[in-house]
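K.L.:
Take these sequences, add in the hints, and give me the full structure.
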Amino acid sequence: MQGLTGILDIGKQALLTQQLALQVTSNNISNVNTPGYSRQRGALEERYPAQSEAGPVGTGVQMKTVEAARDQFLEARLSTVMQTTGKQDTVTGYLNQVQSVFGLSQDGVGDALSKFFNAFSGLANDPTSSSLRYNVVTAGQNLAGMFNDAARQLSDIQQNADTAVVDTVNQINNLTARIAALNGQITNAEATGFHSNDLRDQRGEAVKELSSLVDVHYYESSDGTFSVSTGAETLVTANFHEDLSLTRTGPLGFNQVLANGRDITSTIQRGRLGGLLQVRDNQIPGYQSDLDTLAESVIREVNTVHQAGKDLQSPPSATSLNFFAPVAGVPGAAKAFAVNAAVAADPRYIAAGQTGAPADNTNALALADLGNQKLMASGTQSFTDAITAMQARIGTDARSSQMETDTNNAIKTQLENSRDQISGVSLDEEAIDLMRFQKAYQAAAKLINVVNGLMDDVLNIAG
Amino acid sequence: MVMRITSSIQNRNFLENINLTKSRLDKAQEQITTGKRVNRFSDDPFAASQSNRIAAVMSTNDQFISNNDLLRSKLELTDSTLQSLVQTMDSARTAAAQALSGVTTPESRAALAESVGSARAEALSSANTKFDGLYLFAGTQSTNPPFVDSGGSVSYVGNDDPVYLRVDAATVMKTNLTNSDVFAGPPAMFDTLDALKTAIQNNDTAAIRARMNDLETISDRLNTADTVVGGNMQLVDQVQQALKDRNEALQSESSRLTDADLVKAISDMNLANDAVSVALRSQAQIQNLSLIDLME
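So the protein lines, in turn, are chains S and F. So in our numbering, spot 43 of the first sequence is number 43, and the numbers just go up one at a time. So in our numbering, spot 228 of the second sequence is number 228, and the numbers just go up one at a time.
Treat the hints as calculated values from the structure; they're not laboratory data. Keep in mind that the hints are not guaranteed to be accurate.
Unchecked claim - Derived lysine-lysine pairs resembling DSSO-like cross-links, with alpha carbons at most 30 Å apart:
| no. | chain 1 | residue 1 | chain 2 | residue 2 |
| --- | --- | --- | --- | --- |
| 1 | F | 174 | F | 130 |
| 2 | F | 244 | F | 174 |
| 3 | S | 412 | F | 27 |
| 4 | S | 446 | S | 64 |
| 5 | F | 244 | F | 36 |
| 6 | S | 439 | S | 12 |
| 7 | S | 374 | F | 22 |
| 8 | S | 412 | S | 208 |
| 9 | S | 412 | F | 22 |
| 10 | S | 64 | S | 439 |
| 11 | F | 174 | S | 208 |
| 12 | F | 174 | S | 374 |
| 13 | S | 12 | S | 64 |
| 14 | S | 335 | S | 374 |
| 15 | F | 264 | F | 27 |
As the list claims (entries may be wrong) - Pair ranges (Cβ atoms, derived):
| no. | chain 1 | residue 1 | chain 2 | residue 2 | range |
| --- | --- | --- | --- | --- | --- |
| 16 | F | 207 | S | 317 | 49 to 59 Å |
| 17 | F | 287 | S | 442 | 51 to 61 Å |
| 18 | S | 345 | F | 66 | 25 to 35 Å |
| 19 | S | 185 | F | 291 | 41 to 51 Å |
| 20 | F | 29 | S | 100 | 16 to 26 Å |
| 21 | S | 100 | F | 255 | 21 to 31 Å |
| 22 | F | 255 | S | 345 | 38 to 48 Å |
| 23 | S | 100 | F | 292 | 26 to 36 Å |
Claimed, not checked - Among the chain F residues that face chain S by a calculated CB cut under 8 Å, a handful are:
| no. | residue |
| --- | --- |
| 24 | 42 |
| 25 | 59 |
| 26 | 60 |
| 27 | 129 |
| 28 | 261 |
| 29 | 263 |
| 30 | 284 |
| 31 | 285 |
| 32 | 286 |
| 33 | 290 |
C-beta: ideal position from N, C-alpha, C; glycine also.
P.N.:
Here it is, written out as structure tokens:
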């Protein structure tokens, strides 16, 4: 098309193209706060030139494609970091809860231990005093209560983690279903050869969210779809996805995670699910075992010394009772910790002496001494040392987890910033684009006006 | 290339920094309100462990201190009882000396014998002294009076078992005196008094003299026992002082480990507070710095 109508056509194309560019800019501005949105650019190019006696002459502008500014490498790294922060945030949260179970020295098991053995030391002053005997029973019950409480709270926290496993697996399934659906939509939308930027943004965001939940590996196939797997199990291919499922096993009936019918619980290391499983299956059982070991040891040692003594019954019982209800073994000892019901009901059963004489305090002294003896960890730790070591272990775990969380969050922020440097919307840039395209649009309108004038001139000549 | 700073980067950095500063503010505030730098094990596992062990030692020491206060009273009572027994022995000896003075009449001897009798009664009452519900000189059979006067003579129904108490982590003390330490002899206190009374009644000067010697031996024995009690009292006092000093030292060590440096905490809080308000204000200003706002 040549001549005035050609120019008019150039003007029309310019108007349409600048308008399209303005539309891209408006879209950027409106999505300035949309998570995962990648800024888009209209790629303008010259139209195919027309032939003239002066050779090829330009025929104006057109928009070739709308590109999204995206860095696959950064997205992949962000996904990796999200897997770590997802895990660390979870672990830190749970460890802080565990830590609050044991508190500081002013209260809790450690203090109850001191008070219990001190009560025997007090009883040695006057083994015939019923108030001092009740004092020992109360201190014993208090100690038992502290152990019961700590054991119960630990198992509550563990149960909460298990419940959260169910929620997390549901979220994972929703996300993999969404990624698969988006894969399908993207394949359809891109059949025309254009990138479907917005759908890809949504899929990227879903993958990011998935990364914060579980170990994720993903790659883009040549058809533009994402394949997502966790460990050796594929979760998404094309528009198909595999739901994770749950089955309850073990004495506590905790949920195990299955993929394609295989138990993958032990292979899940990262994301929130990895954190939950670590807390539920490794850390809390470790603390529980520490607590049970201490509880069993206290019960056994106190009972052994107690049984060697003589109570205040008249005449003294031939065989002294256990002070604490005996436990079968280490597992569950803290939960079962209790003062022997007979002793609690009648503190005269407390064996404070060894001869049967009413004021004999030798056994009370021996029991009080247990508090300072190194009876734990192959004779290297007193009971106080053991509970302190346990608290320090939890505290150190919580502290290092917190520090890792801080570090990883800093890395995550840095990566998100790097991503936004490329993909984020800068309102300043968009403002400039607005002005640019506005001016270009105005110029094109002027151009049409000029052509219109020229045409009038031609028509006037004819008239 | 100049970095592209998008508003999302600005917002994220702003939030990040505000959160960091606020968590510092929170930390400082917690330290100020609790007065503690270490509020949970993760704040400083080492210091928390140390202060945990210190708390256990202090708690045990406090129990020792309260035990020792009671023990001190028991030793004081033992001491004063022994002293009054010595006086009782003295009064019996005085009666014996008067009986030997040569100017006695049957009436005066009867009166002297009577005063020996009342000395015996005093001694018996002293021997059955109770402390906090338990008889002092009964060994571990201390719920009943250990010295029983029956058929004109005193018999001992307690035992000679020692009663030990731990006065501190390192020291175990025998806290009681029993029949054999004080009364049994030979010469036995009550038998001697009974014999003296009879001798005075019979005006048997040789026997009176022999019993006077016995009384002296008994007084020596009482004084020796009292010296041991006095030594124990001194030891308890020393141990008490040491325990109190130790607990003070432990308390200050625990404070050093876990207490907040309030001056630092307050200045930290002020700094963080300023930082937050400056950051908020600057963010409000930066928000206005957009080309969009300058467009017509």
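K.L.:
State for each hint whether it applies.
P.N.:
How the hints compare with the structure:
{"no.": "1", "hint": "F:174 x F:130", "verdict": "holds (18 Å)"}
{"no.": "2", "hint": "F:244 x F:174", "verdict": "holds (22 Å)"}
{"no.": "3", "hint": "S:412 x F:27", "verdict": "holds (24 Å)"}
{"no.": "4", "hint": "S:446 x S:64", "verdict": "holds (24 Å)"}
{"no.": "5", "hint": "F:244 x F:36", "verdict": "holds (23 Å)"}
{"no.": "6", "hint": "S:439 x S:12", "verdict": "holds (15 Å)"}
{"no.": "7", "hint": "S:374 x F:22", "verdict": "violated (44 Å)"}
{"no.": "8", "hint": "S:412 x S:208", "verdict": "holds (12 Å)"}
{"no.": "9", "hint": "S:412 x F:22", "verdict": "holds (20 Å)"}
{"no.": "10", "hint": "S:64 x S:439", "verdict": "holds (21 Å)"}
{"no.": "11", "hint": "F:174 x S:208", "verdict": "violated (74 Å)"}
{"no.": "12", "hint": "F:174 x S:374", "verdict": "holds (25 Å)"}
{"no.": "13", "hint": "S:12 x S:64", "verdict": "holds (16 Å)"}
{"no.": "14", "hint": "S:335 x S:374", "verdict": "holds (24 Å)"}
{"no.": "15", "hint": "F:264 x F:27", "verdict": "holds (12 Å)"}
{"no.": "16", "hint": "F:207 x S:317: 49 to 59 Å", "verdict": "holds (51 Å)"}
{"no.": "17", "hint": "F:287 x S:442: 51 to 61 Å", "verdict": "violated (30 Å)"}
{"no.": "18", "hint": "S:345 x F:66: 25 to 35 Å", "verdict": "holds (28 Å)"}
{"no.": "19", "hint": "S:185 x F:291: 41 to 51 Å", "verdict": "violated (35 Å)"}
{"no.": "20", "hint": "F:29 x S:100: 16 to 26 Å", "verdict": "holds (19 Å)"}
{"no.": "21", "hint": "S:100 x F:255: 21 to 31 Å", "verdict": "holds (23 Å)"}
{"no.": "22", "hint": "F:255 x S:345: 38 to 48 Å", "verdict": "holds (43 Å)"}
{"no.": "23", "hint": "S:100 x F:292: 26 to 36 Å", "verdict": "violated (48 Å)"}
{"no.": "24", "hint": "42", "verdict": "holds (4 Å)"}
{"no.": "25", "hint": "59", "verdict": "holds (4 Å)"}
{"no.": "26", "hint": "60", "verdict": "holds (6 Å)"}
{"no.": "27", "hint": "129", "verdict": "violated (14 Å)"}
{"no.": "28", "hint": "261", "verdict": "violated (18 Å)"}
{"no.": "29", "hint": "263", "verdict": "violated (23 Å)"}
{"no.": "30", "hint": "284", "verdict": "violated (16 Å)"}
{"no.": "31", "hint": "285", "verdict": "violated (16 Å)"}
{"no.": "32", "hint": "286", "verdict": "violated (12 Å)"}
{"no.": "33", "hint": "290", "verdict": "holds (5 Å)"}
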